[in-house]
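**Q** Numbering (the UniProt record's numbering), first residue to last: 1 to 84.
Read the hints as simulated data drawn from the structure, not as lab findings. One or more hints might be untrue.
Quick list of simulated restraints, FRET-style, between CB atoms [stated by the list, open to error]: (1) 36 - 71: 17 to 27 Å; (2) 20 - 40: 41 to 51 Å; (3) 59 - 6: 32 to 42 Å; (4) 50 - 72: 15 to 25 Å.
All residues carry an ideal CB built from backbone N, CA and C; glycine is no exception.
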Amino acid sequence: ASDASVSQFTITRNFSNAAVGGDITVNEIGLYVKGYDTEDDTYYFMIIRDVIAGGIAVPDGQTLTVNYREQVQVPLLWQLGLGW
């Protein structure tokens with residue numbers, strides 16, 4: 001969804017418990033981005049980390065779906081054409 005000054009997008013990732021033998025408990029979730037410097041060296045940065053109090057049990061054969069909904073707001077200067 002978006003309008004003149006705000007854009008939103010959702011990042012979705014599924015985590016399946018394909019292990020045999022019981023639940024897997026997820027205690028934290030993170031989102032990493034990949035970046036490069038001027039020498040083309042690769043770096044990974046964690047931009048979001050959530051610790052889940054008590055964890056979430058994912059039973060055998062089940063899937064945990066994680067959704068992060070991001071929102072970006074365009075600064076007023078950009079709207080007025082005064083940005084970089």
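**Q** Against each hint, give a clear statement of whether it holds in the structure.
**A** Results for each hint:
{"no.": "1", "hint": "36 - 71: 17 to 27 Å", "verdict": "holds, 25 Å"}
{"no.": "2", "hint": "20 - 40: 41 to 51 Å", "verdict": "holds, 42 Å"}
{"no.": "3", "hint": "59 - 6: 32 to 42 Å", "verdict": "holds, 38 Å"}
{"no.": "4", "hint": "50 - 72: 15 to 25 Å", "verdict": "holds, 20 Å"}
Violated hints are absent here; each numbered hint is respected by the structure.
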